[in-house]
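Residue numbers (our numbering), protein chains in the order written: chain A, 30 to 481; chain B, 30 to 481.
It is worth saying that the hints were derived from the structure and are not from the lab. Hints may contain errors.
Since copy identity is lost for identical chains, a pair holds within one copy or between any two.
Stated by the list, open to error - Heads up, simulated EDC-like pairs for lysine to aspartate or glutamate below, C-alpha to C-alpha not over 16 Å straight-line: (1) K361 / E170; (2) K203 / E318; (3) K203 / D319; (4) K361 / E175.
Number of protein chains: 2
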Amino acid sequence: MTRRRLHLNAFLMNTGHHEASWRLPESDPYAHVELDHYVRLARTAERGTFDSLFLADGPQLWSNLAQRPASALEPLTLLTALATATEHIGLIATASTSYNSPYNLARKFASLDIISGGRAGWNIVTTAGAEAARNFGLDAEPAHAERYARAAEFLDVALKLWDSWEDDAIVADKAAGVWGDDTKIHPPRHRGKYFGVEGALNVPRSPQGYPLLVQAGSSKDGKSFAARYAEAVFTAQQTLEDAQDFYADLKARTVAAGRNPDHIKVLPGIVPVIGSTEAEARANEQVLEDHIVYTHGVDRLEGLLQLPSGTLELDGQLPADLPPESSIEGAKSRYTLVVELARRERLTVRQLIGRLGGGRGHLTFTGTPEQVADAVEEWFTLGAADGFNIMPAVLPSGLETFVDHVVPLLRARGLLREEYGPRQTLRARYGLPRPANQHVSPAAGSPALARV
Amino acid sequence: MTRRRLHLNAFLMNTGHHEASWRLPESDPYAHVELDHYVRLARTAERGTFDSLFLADGPQLWSNLAQRPASALEPLTLLTALATATEHIGLIATASTSYNSPYNLARKFASLDIISGGRAGWNIVTTAGAEAARNFGLDAEPAHAERYARAAEFLDVALKLWDSWEDDAIVADKAAGVWGDDTKIHPPRHRGKYFGVEGALNVPRSPQGYPLLVQAGSSKDGKSFAARYAEAVFTAQQTLEDAQDFYADLKARTVAAGRNPDHIKVLPGIVPVIGSTEAEARANEQVLEDHIVYTHGVDRLEGLLQLPSGTLELDGQLPADLPPESSIEGAKSRYTLVVELARRERLTVRQLIGRLGGGRGHLTFTGTPEQVADAVEEWFTLGAADGFNIMPAVLPSGLETFVDHVVPLLRARGLLREEYGPRQTLRARYGLPRPANQHVSPAAGSPALARV
Ligand SMILES: Cc1cc2nc3c(=O)[nH]c(=O)nc-3n(C[C@H](O)[C@H](O)[C@H](O)COP(=O)(O)O)c2cc1C
Ligand SMILES: Cc1cc2nc3c(=O)[nH]c(=O)nc-3n(C[C@H](O)[C@H](O)[C@H](O)COP(=O)(O)O)c2cc1C
Chain A
30 MTRRRLHLNA FLMNTGHHEA SWRLPESDPY AHVELDHYVR LARTAERGTF DSLFLADGPQ
90 LWSNLAQRPA SALEPLTLLT ALATATEHIG LIATASTSYN SPYNLARKFA SLDIISGGRA
150 GWNIVTTAGA EAARNFGLDA EPAHAERYAR AAEFLDVALK LWDSWEDDAI VADKAAGVWG
210 DDTKIHPPRH RGKYFGVEGA LNVPRSPQGY PLLVQAGSSK DGKSFAARYA EAVFTAQQTL
270 EDAQDFYADL KARTVAAGRN PDHIKVLPGI VPVIGSTEAE ARANEQVLED HIVYTHGVDR
330 LEGLLQLPSG TLELDGQLPA DLPPESSIEG AKSRYTLVVE LARRERLTVR QLIGRLGGGR
390 GHLTFTGTPE QVADAVEEWF TLGAADGFNI MPAVLPSGLE TFVDHVVPLL RARGLLREEY
450 GPRQTLRARY GLPRPANQHV SPAAGSPALA RV
Chain B
30 MTRRRLHLNA FLMNTGHHEA SWRLPESDPY AHVELDHYVR LARTAERGTF DSLFLADGPQ
90 LWSNLAQRPA SALEPLTLLT ALATATEHIG LIATASTSYN SPYNLARKFA SLDIISGGRA
150 GWNIVTTAGA EAARNFGLDA EPAHAERYAR AAEFLDVALK LWDSWEDDAI VADKAAGVWG
210 DDTKIHPPRH RGKYFGVEGA LNVPRSPQGY PLLVQAGSSK DGKSFAARYA EAVFTAQQTL
270 EDAQDFYADL KARTVAAGRN PDHIKVLPGI VPVIGSTEAE ARANEQVLED HIVYTHGVDR
330 LEGLLQLPSG TLELDGQLPA DLPPESSIEG AKSRYTLVVE LARRERLTVR QLIGRLGGGR
390 GHLTFTGTPE QVADAVEEWF TLGAADGFNI MPAVLPSGLE TFVDHVVPLL RARGLLREEY
450 GPRQTLRARY GLPRPANQHV SPAAGSPALA RV
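The task is simple: from the sequences and hints, build the whole structure.
Below, the structure is given as structure tokens:
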């Protein structure tokens, strides 16, 4: 039996996940538009034999440009450029089911999958917030349940599109003058509540069949969606116990949805803040906190909690009478996580902002490389994680430190591959099978890839 | 005074523009999904100091897969990969105003412009045909005039989005903790007939300000649109006289729209079929015609002319009672070109299909390198063209022959640059100024680029 191995995903974001990272002397405040910055990060993650790297996204400009880099290259575009600069690592782009059309998006992912040799992944998001909605002709954000209903139909159509070519639809018989076999093309002919998509995709079935499906919703609807479609799940968890509950719950839901629980990989996000001693690690953390502009933090927290501007006092507690999660139409699970964190640890608004500054709700692991490796191993072996979403506070330095100092420990403990070996698809890296085409019976299907 | 120079654009398409090109022994019938094929073509065009390369597109699978490669990687994805493989050449992607949303598309082009160092161009199309419409929830294609009305509003919004950041909106003041200057962000707040777009783009203004705007509509609406927005125009013209008329008409319309006629470059498409002697060139052409499957050609011609299947006889003429252009909702000008070509030269259906096989309505120049260079020079100096859209019948060989044998002649005649020299934006290659931001008065605007 092969040993269970950790999966690592590098979550790349500008100068790092800490909101004040751009202010450090070492940071390039123009990193958001520097291809070279991202190429360097991608190659570092490849040196660390990560399974994948990932770009978050939302189709809106965050208000208050003063506070931090609030711009990002479109992820599918940036990942295509990174595909040509790397060889092994998976490339996961965020794209919204609320503000895209299935035909265009399915085609872009198929194209990236082909260009990268089967390394594309899609972080499926429904996109919270009215700002995004107003960029697409809507007055307000669609309700949470409505967004997830549209997401489910979007996925069904996208899967039909990706399966609209059988793997061997191209015949290429020059002598007979027959290029393709029309009987192996299966137009979706989809007419649903949200979408009408009649025809087949104009890109052949890609090396992976379709991109690795990733999801990060943690509300009830989010978890049902993940159980049905997702092959990897990102999640923000503050304690081992919460992470174990989430893990067990998601695996059980996956079984209930009729799927193999090993075919969904749970990846909590962690913000490693590393020093060669514990004291040095704490000092590194303190430098970051010292660079936070707290008035910005208050604005953002009021936004997340849907409170009128001016409600929160920096040295006070959160109000006692916050509304229940059910009344939140934005990111439900993030709301609850933040409120529970503040209540559990009796944090002032200032302390809460400091705690959120690093990972916006993700857990910060502060310590020596050994301590970080211990925590990773603990979560991995105690049923809280199949791997981790690594979210360095400062980039590129934080990823480099992780790869140079934590990765060797994980390898020595037999938790992480020593090298990539031959080229593989992203899905194979995550230990998942290539999906069959819905139009081909498993017996008839040839395991050999068409030449794409 | 600098001498007027030819602009050359390489129109890349699978194994070439001739419909039978894929059947030649030398051709790779999987070229449509081979990144290396396109990298090789892009580097060949760069060796020929072309201004740009171009990918056509439509969001639908052409029916009858048997007849020829009917699939294409999504152009913005493929061009992003080519951006990393080239240094100087412009990268023009086709995208539809009928089946995209302005926020997403404007952002993708801005991202490609940044990643390529200012080499992005957009071939703006309205997309004819019901097949495409049915992939986006519509039952039939919107009327021609309606598509152009939507295109105009799309452009207005996209231009607002690209100007939503002033060039110097990023302050990056680490000490003060101020990253961006919110007063230099200008949200579109657009509410029109087709689109509502409230907020600013989440990508800074790109090196070119926005991609080079290219257009290829030749109907009356198409030409008005081009006169208003386009900086380069692709067109299919069968005779020098028609090309001169089109050229004069478009320049006059551009003046009438209040623009400088030098700021719109007219590029007729030509299919060069080259041999070291005239006889060899004719023989090369004959080989291609011999590979045409005429029954496929009849199907396609009936589609273009909107005739019921089975109407046309291979050795007969076109019916005398074809409907007028005004009743065509698809590609109006292409319809007229084909009908006029058949009538002018009294072609049988078989002959017409042979003539269209190469360039689908574009002119084939068959001859020696000198003869092709002569024809190019004639059109260029007699007011029919500012340059050419080069559409090789067979790829990669046709582009290589053009670069190795015609380009040196054009250089020797002083019509084409000898080398690229320093890096420039695509717009600068076409001799056009960087557009000012609509929110900045010209006096205040600094000519220096922000560091993007
Ligand atoms: C690691 C991680 C990354 C995420 N990335 C994005 C993103 O890029 N875009 C986005 O709109 N939402 C993103 N989300 C938010 C989730 O998609 C989801 O909306 C959120 O967790 C709230 O869950 P719910 O929608 O089920 O309430 C991310 C969440 C996590 C945990
Ligand atoms: C060289 C050239 C390339 C074109 N490429 C595309 C294309 O990629 N996608 C598309 O939908 N139309 C394309 N067209 C069609 C034009 O956009 C336009 O629809 C057509 O010329 C008919 O003009 P009209 O729409 O003004 O009637 C192209 C036309 C030419 C001449």
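Verification of the supplied hints:
Proximity of K361 to E170 under the C-alpha cut-off of 16 Å is restricted to the intra-copy arrangement: shortest distance 14 Å within a copy versus 40 Å between copies. Only between protomers do K203 and E318 lie at most 16 Å apart by alpha-carbon distance; the minimum there is 14 Å, versus 66 Å within a single protomer. In this homomeric assembly, K203 and D319 come within 16 Å of each other (Cα to Cα) only across copies, at 13 Å, whereas the closest approach inside a single copy is 69 Å. Taking identical chains as interchangeable, the C-alpha atoms of K361 and E175 lie at most 16 Å apart only when both belong to the same chain, with a minimum of 14 Å there against 41 Å between chains.
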